[in-house]
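S.K.: Read off the chains here:
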Amino acid sequence: MKKNVFGIFGLLVTVFVITAIADPNFLSAYNMQNTVKWSSLYGVMSIGVAFVIITGGIDLSIGSVVGLVAVVLSFFTKIQGLDPIVAIGLTLLMSVLIGLIHGLLITKAKLQPFVVTLCGLLIYRSLSRWLTDNQSLGPVPLEGDLGFENLEQILMLDFIFSGQIPIGDFFKLPTPALFLLVLALAGSIFLRKTIWGRYLYALGNNEDGARYSGIDTDRMKIVAYVLCSFFAGIAGILFAFELGSVQPAQTGEFYELFAIAAAVLGGCSLRGGEGSILGVIIAAAVIRIIFNSINMVGISTHLEFGILGVVILLGVIGDEMLKKKMAERQVAASEKLAAELSGKSKGTQNLE
Amino acid sequence: MSSDSGLLLAVKDLKKSFPGVLALKGVSLTLGKGEVISLIGENGAGKSTLMKILAGVQPADSGDYHIDGQKVGFKNVREAMDLGIALIHQELNLAANLDLASNIFLGREPGSKGFINEQKLHTEASRHLKRVGLNLPSETIAGSLPIGKQQLVEIAKALSCNARVLIMDEPTSSLSQKETETLFEVVKGLRDEGISVIYISHRLGEVKELSDRVTVFRDGENAGELAKDEINHDNMVRLMVGRELSEFYDREIHKPGDCVLKAVNVVSPTYPEVPVSIEVRAGEIVGIAGLVGAGRTELLQTFFGVTPSLGGELEVQGVSFSPRSPADAVHAGLALAPEDRKHHGLVLPMTVRENASLPSLERDQKMGFLDHSKEKEIANVAVEQMKIKTPSIEQAARFLSGGNQQKIVLGKWLAMNPKLLMLDEPTRGIDIGAKREIYKLMEKLAGKGIAILFVSSEMEEVLGMADRVYVMHEGGISGELQKNQMSEESIMQLATGGSLSA
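Just so you know, the sequences run in chain order A and B.
Letter by letter, the first sequence follows residues 0 to 351 of numbering that gives the first Met the number 0.
Letter by letter, the second sequence follows residues 0 to 501 of numbering that gives the first Met the number 0.
Source of the hints: derived by calculation from the structure; they are not laboratory data.
A portion of the hints provided could be inaccurate.
[Said to hold, decoys possible] Dumping the calculated DSS-like pairs for lysine-lysine here, alpha-carbon to alpha-carbon at most 25 Å:
| id | chain 1 | residue 1 | chain 2 | residue 2 |
| --- | --- | --- | --- | --- |
| 1 | A | 322 | B | 341 |
| 2 | A | 324 | B | 341 |
| 3 | B | 14 | A | 335 |
| 4 | B | 365 | A | 192 |
Quantities reported herein were computed from a predicted structural model and do not represent experimental measurements.
Okay, chain B solo, but in the shape it has when bound:
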């Protein structure tokens, strides 16, 4: 224990499981005073779980957690905050209708006997706002600020609690390039003040710029550490995926066939001003990249008839098509594995069999009656092909892990032999084994001539899987990149509203 005394924070052999998944299989992490470390890993590697444990959001099952050499075990967020650990959430938690001062001191308002000392509230708040480089009146309403500034307010809020460790989970996922730069300036300034930062990001460029050290997780375990001079793209990716990239994303480029989906000036209701045109051909895997909120999910939903298009034209294999509901889209041979698989992808209380057969029931009916043997066959084929880990096809879907749930979603669409398979964040929250199987499946389906269109926020996934990528920005297509033009830089450039030549 005395050997850890120089460290601000140290965890060792931490374990955590959720129903059906072992999220952390014994991980370790150390953090010194004034150190900025990055924690990287694929989705489902256990980063967010560890951060929640560090910040007291949820307890670990077992393992050691030391702060200043003292063993701690937090029951709640308040206890963690008292020791100076603050988590800046992926989704911002500001009350949009309150002003900045009230947000910063929410639940800790200065004053007495139930009355708030307004003057103290605002002077204190202004002081913390300045520390994060926000020269705004503390009376500003939080909801009126752009996301990037709201993020800084969150940090100010953490500082007002005397935070010594800031945990930032994907802070830049919805920031523009400019906002990201500002955030980095602030983080570097805080580091110089002696505040430690644990930074989680998928953007390896950012990780490289910011980190003194990088810790890599893979599948709930420590995969390696990189010292400052070892931090580079290749090293990080190799540790993250555990093998060379080309091996993980095992792609074979198929000669694209006829055009399966053609969208000309299609307008999704979320961005009524911005018409979108794209096309996807048989055997092609096409990616859609962009920042959170760029309109990618909405575009897929418009193709799938969830939110019908307000204009333009859609064609499926040359036949004009205007879906008013997912039922229309399914009849035309489209399938969508939605981003929110718990609410949109599956009927969780129903069994694997019932979920897998749901779209096929209409086709396989016998005068309106269920065809039980066909239903079982579909479920068994799905379990076998997709390697769904379930005690039986009669198990309720909600008791399976995220990866297995996603496999059910894919299994149910494969039974329909779709012409176009759309996948929205296909591997979010899925362990690395299942992820690899899903990539292999995408590859296999493309080989069979199915057109695949997928949305992903994971840069590696887009670069590894897509033959071609459309990048979206504020509802529109800001650019199209062929395989040989695709790079993290070019995609980010387009995603943040820049153009390629700039």
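So here's chain A without its partners, still in its complex pose:
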């Protein structure tokens, strides 16, 4: 499992070095801050979808959830003049409810995750547009808005979610990186150290096997979808403050694909049962740097999706080859052992 992370880390270093050589401006403090910020924003969503992918499921609605959360938050703080903390609480609650509905439809109504979350993608996107009459808006109120009285509080939140903290004389750390750090750590501990994390891996590898071991697999799947939407909700709040202006029709569009791409590139198998948070966030950074690099090196931006596709494909192929090698080595070890034991046990077959 650790070896997978080495692979993706190698890719990160490679992409990083190539871009830095092609254009030294890549290493400028401003560009680095941007890279860290966008990698963090993508990273948060990718961690969420990793939980679902580890169970063998999929969530296509992430981008629309990001959009809806950003829209609803702005609607609350700017138009409705709701207390901003309450507004954040309510939007996060909404994201949790969305995940709960996904989980229930998938486990209790036995619908396919692809279908449920595809419908989610369509529904939440159109809700965003309908709610705002497709007018763009941001979380920070202007004079004349109902929420203007909370301006001070909102600016403070704006700093928390999209501010910068100076580190040394040159570099300013974007606050989303702190969110990523905390969430990644929590996600990792959840997956590796808690029994629920183990259950997610077990059911992703073999749902029946997990169920026959007395695990409530339905509940664990619901947990995964709730976490996924919740992380998308946090990402939605981060994006709302970061962008300042939310486009109901566009904000978050295709983000589910970036998140899934990062999860897959980071070592999650869509068959389930595999993957680590560290791999996924490194992969999210790789994807950001590739976009950055395409811009800086001057390759036509029309090619950016194509290049991303090729990199992911190569990464996944490399990963499969590595896994095959490791499996062969393990089989060889087992065979050797079996041969030794069958030679030894000829004479003595007694139990006690």
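Since the structure of chain A is provided, determine the placement of chain B on it from the hints.
M.R.: For chain B alone, coordinates are given in the frame of chain A:
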């Protein structure tokens, strides 16, 4: 080589290994023209592996294989069929939606330029159907026939390829007594026509009736040969298990304690019409016998909450219990080692440690966190107690042999101290050493007062291990036999829907 010239088929010193197991350690087999031989042995003795090699399903690692004195080595089933070797599979392979003629000539339809000559197809098919005693129109849809007749269609299909050797792997495992008799008539008729048969079965009565000679395998090796006049139950069993039966199934009858599982009119969803009542007491080993498809697995799954009961009442140690999921059953102290251990019993890509500790995690948690030292302890105890052969507890379960995988399944349940341990075909596909260890373990657990309920299709296993046996037929209990009433005949009688007095 010239000494083998009288033989239709001869193999010598054949070896075959799979990851983690040496399935065949150098076996030999001969077959003359018009001879019916039986190949017997416990599960995992290597019978099916050899048959697959003979029929070209898989290649051997090394060894000689002669047909008509000529050395052969098949790359695929088609090459074997061209030389007249046909395997009748344990599971039938007919396309249920096609008619009999199309099934018989599937892939070899007479005709030209891509068009099928329907007339020739049906006349030829009818001819072969008659040879196996089926006087049915060749337009009959295969899926509409009962299993016994489908089996005969399979044989007709083999004959249509000019088969000279029919390999029949457990052909009667899902046949009624009547269907079995019909099959035997057909086999005897074919033998008189000069066709040779290799017959594999666990039913020693059938073997005795049908065979000109018996070859016995044990643990991937030849254990002995019996000529026609030496074929009897005791000789066969002794060669199969390598020692006297009583020694192999080392049972001590414990005085049964309180009732652990009591089922009254429980209804499994597969057989909604047939309520089932049984009980298992502490320290008892109770068997469930019956034909394939009699509803035995479904019954265990209902007890375990996989497919919740549609009615009736269940009690565990006198407390009413209605499991909606395996999680409920595990909480009530039940454990199930399922028949399909690769899909239900284990999470194969996970390690021995992760598999062994999976059910215990909830109990051993520290506020939701894993207790790593406890986990390792459980895995180490399982490896030690069960004698699991693995390089380490960090080895993925899928790289271990079937026997060792089954031991992990048992190990993980033992860590839970179950009140009732249910085992579904506990020794299927397991080598004889591991088998013996599993029997010893069952005995040991019963001695500790755990109630054990096991399903088995292996007659010897049921007779050897069970204190008491329930026989199932078409979803219901057709009879209960005490130790002194248990015999191959009485069990088969009940399993095929007969009653004891008949």
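S.K.: Does each hint hold? Answer for all of them.
M.R.: Each hint tested on the structure:
| no. | hint | verdict |
| --- | --- | --- |
| 1 | A:322 to B:341 | 21 Å, holds |
| 2 | A:324 to B:341 | 23 Å, holds |
| 3 | B:14 to A:335 | 16 Å, holds |
| 4 | B:365 to A:192 | 10 Å, holds |
The structure shown violates none of the earlier numbered hints.
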